[in-house]
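Protein sequences, first through last, are from chains A and B.
In terms of UniProt numbering, the first sequence opens at residue 1 and continues consecutively.
In terms of UniProt numbering, the second sequence opens at residue 1 and continues consecutively.
Derived by calculation from the structure, the hints in this document are not laboratory data.
Check the hints yourself; a few may be wrong.
Among chain B residues calculated to face chain A with C-beta under 10 Å, some are [unchecked claim]:
1. Val105
2. Ala108
3. Asn229
4. Gln274
5. Ser379
6. Gly391
Each computed DSS-like pair below joins lysine-lysine, with the alpha-carbon atoms no more than 30 Å apart [what the hints assert, rightly or not]:
7. Lys300/B to Lys153/B
8. Lys153/B to Lys302/B
9. Lys110/A to Lys122/A
10. Lys468/A to Lys412/A
11. Lys250/A to Lys197/B
12. Lys294/B to Lys200/B
13. Lys250/A to Lys207/B
14. Lys412/A to Lys250/A
15. Lys468/A to Lys300/B
16. Lys197/B to Lys207/B
17. Lys153/B to Lys398/B
18. Lys145/A to Lys250/A
19. Lys412/A to Lys294/B
20. Lys398/B to Lys250/A
21. Lys145/A to Lys122/A
Fair warning: this is a prediction, and the values are worked out from it, not measured in the lab.
Note that beta-carbon positions come from the ideal geometry of N, C-alpha and C, so glycine has one too.
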Amino acid sequence: MKKAKTLGIIIALVAFVGGWQLATNLNSSPQITSSVGGASYGGGDQADSVNTALPERTVNGQILTVNPGDSIQAAVEAAQPGDTIQVMPGIYSETVYIDKDDIHLVGVIKAGERATLDGLGKLNDAILYSGNNILIANFKITRYKGNGIMSQAGNNFEIRNNIIIDTGIYGIFPQLGVNGLIEHNIVSGIADAAIYVGMSDNIHVAHNQVFDSVAGIEIENSRHAVVENNYTYNNSGGILAFITPGLPIKTTYDVIIRNNFILDNNIPNFAAPGSTVAGIPSGTGILVMAADDVIIEGNIIVDHKVAGILINDHGNAPGLTLDPDVDPNADRVMILDNVMHNNGYDTIDEVRAFALTELHTGDIDIFQIGPSQDSCIINRHRYHHVGLGDFAECDFSNTDSIHNYLIPGAAKPRIIASAERGEIAYMGICAGCHAYDDVLIGPSTRDIQAMYANNPQGIVSYINAPFKVRPEYPEMPAQNYLDAETQLAVADYLLNIQLEPSQP
Amino acid sequence: MAFLLSTLPRQNLIKQVYRLLLLSALGFCSTASSVEPATTTLSSDCPASFLLSDNNQCLLRNLYQLYNSLGDHGIGGLKTALPAHRDGFSPEQIDLGRLLFFDPVLSADQSVSCASCHNPSQGFSDGLGRSVGIHGQLGSRSAPSLWNSAFLKDFFWDARSQSLEEQALSPLFSPQEMGNNPSQLLSSLRAVEAYPKLFKQAFPDTKDLSLDQIATALAAFQSSLISLNSRYDQYAHGYGEALNAQEIEGLNIFRSFVARCSQCHMPPLFTNQQIAVIGSPEPEDMPRDIGAEKTFDSVKLKGGFKVPSLRNIAETAPYMHSGRFQTLREVAEFYSGGRGHAVPEGEDLLLHWHISEPDLNADELDRLVDFMRTLSDSSMLPTVPHTVPSGLTTISGKAARDNNSQKSSSEKT
């Protein structure tokens, strides 16, 4: 087939008459709002301020040191929750995966020399994790085909002070995590987003330098994210907040994009055909698509040929799939003071054509298309703008009230009482072979109760290393994959089950 | 296996269980020669993995209930809770559903049962690329596995149904599948001596046997098919040794951003329950199945199908919605072959953005298959009744008969 057409995010333009009103407003004297002092944003999640995403360690485990020639993964396998792995400067070519909780993986930097993960252009991803409370810091990562650092689930994480160069699809990609801090990383040469937050909650992205990538920083189908003080330049698009339809989590809201330097993001879009970012028009400073409650404040947005800020709904992005469960509009977008200069000087035809319906020609700092309810802006007179006719004046001028959206004390694991744990394990596993009164595959639970009365520890020992007791029964498979807490809980539970005798 | 009729004599029962274990371990249809007495009483015990509540409901319990998931969406990584599920049926309803499921009396000419296409010994599928309905009619799609359907929110390949109950009735009345109609179905069930009594046991508060009750019982049985104790699950719960080095390598390829399998086949259910257009080919003699385009009336979803769960996937060859691929290796090769490579010239499909150019090498493809094989678990396989209330021949009866005349050829790996 011919490859699916790569459509610009903005194509189908619907002429929209509301624009006229704006052209006439221009002559009246502007409403000037000071963003110094004044009212702060009253929405969002106004949590107490914290500066870390990791919970305090209750046990400080061991420090395992990895030297060049050793395997980092071997150290991960040896590590227990609470341990810190220190990787000495040198070259390591491997994929490191962390499928346990509370591991800190830290490179040691000596006189600028880093622990370097080199994928040699052959390996898939550098670091994968699926545990909670993970720290990854101080690495240099280069030449991987997939991602630099990625997670699939994993709450409370910090990814700090890494240099990631030329690593395929995403530089840093936490997915399906709650409460994460991504700061002080330098990421470049990425074919999709340098930093991509996917389907996550409570994320803070700050003080990163991202360049030479298709998208700088992307907040996708995520909630409660602050993107601040980053330096993004020389990408096709600087900072993005959007909803991709067709994903299982359907919303993006409460995103603050503030105090970033967003400069000269005009490189040709070299994303893979069909990828969502392939639709970003090269030359976009900030893109907001279908996301709600996005606040844009205090950014310096300079030198973008398409627009400084581009806001659109899914209706104007025909290259995307259909998803009836997604609200396609970017509602409650709030634009506070930003420094914008020299944007939209060589924009795409679709934008130019729509601008003309408002009799607008020349530069475009802010371009908005599609329905957008309850959006607002202050000091609009400062900018070249198109499509802001429905934007009200914001009744606040800053987001000083929100330090970040990280969770004080970190996201908590589920607390399960021992009896419930025992019930879950017994029903979920043992009941496949043990019934209370009947013989299924193993002896009846009633018989086991008689054998092991007041001896849960005996059951724990047996299920860890079962041996043949009854010649006429099959051997019981070991249940040693259950952790000690669950083993004891299930033994207690088993000994305490009482059932009505079943009807004859 | 806790799924046994209380009328069964214990000795028989152990023997049967053994057989079933042995045979299913070997990949054969379960066959047992012992004859079960006619069913008069439904089980008052919940199937394995279900706790009987004080008000006679079976409530699902599984180890994933120890965990959270982001926004309770039931997707994530290793220690992530599952999506919301259906449960709360009574043991009697589930057991009645089991009998109905295996009883050919549900079809127009009493020749096919649900189990004909959803055979427990074949991962609740049928080993066919395209299923065969009543009068030997060849359908256009593959029978999906029913394992873990309690967790699904949409049913059928094209996501056209939103509940187990709605889904359950549809094949009964489809001319291509079981060919029945509501009045004939009700009258043939009422004509079987045992059914009115069994329905009364399962639905004590209602007067007459009804379609709703049939749907409820079938939904109840389907929701009891739980498979969450694979070796992968042991790994996920924290036992690193449950998988060998090659399988872990496969897991890492599976979730890597080169292959991206886990972006749609998301743990812990191994599906994100979305529609995806991947451009997989139909069998040679079949035109493109438009799939979800019809359901959603949108050409953007042309050729789109529900992302299936991969649990027990090794048991349900051949693969894809119409069985174009015989092995998991072939499926992995398809994804590795590049975006749109199997879409005919001139056909426009809006392919999913994660369908990319992974270009995996032969070892990596093998490792992916190794990993997918770790997702198998039939430890909660229900017992196949050897006789059903209608007295008609069930799949296990058929298998036993075939087995006597010729060696069973249902082996499939």
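Hint check results:
no.	hint	result
1	Val105	27 Å, violated
2	Ala108	35 Å, violated
3	Asn229	6 Å, holds
4	Gln274	6 Å, holds
5	Ser379	4 Å, holds
6	Gly391	25 Å, violated
7	Lys300/B to Lys153/B	21 Å, holds
8	Lys153/B to Lys302/B	21 Å, holds
9	Lys110/A to Lys122/A	27 Å, holds
10	Lys468/A to Lys412/A	42 Å, violated
11	Lys250/A to Lys197/B	47 Å, violated
12	Lys294/B to Lys200/B	39 Å, violated
13	Lys250/A to Lys207/B	44 Å, violated
14	Lys412/A to Lys250/A	24 Å, holds
15	Lys468/A to Lys300/B	59 Å, violated
16	Lys197/B to Lys207/B	11 Å, holds
17	Lys153/B to Lys398/B	33 Å, violated
18	Lys145/A to Lys250/A	28 Å, holds
19	Lys412/A to Lys294/B	43 Å, violated
20	Lys398/B to Lys250/A	47 Å, violated
21	Lys145/A to Lys122/A	7 Å, holds
When each numbered hint is compared with the structure, violations occur for hints 1, 2, 6, 10, 11, 12, 13, 15, 17, 19 and 20.
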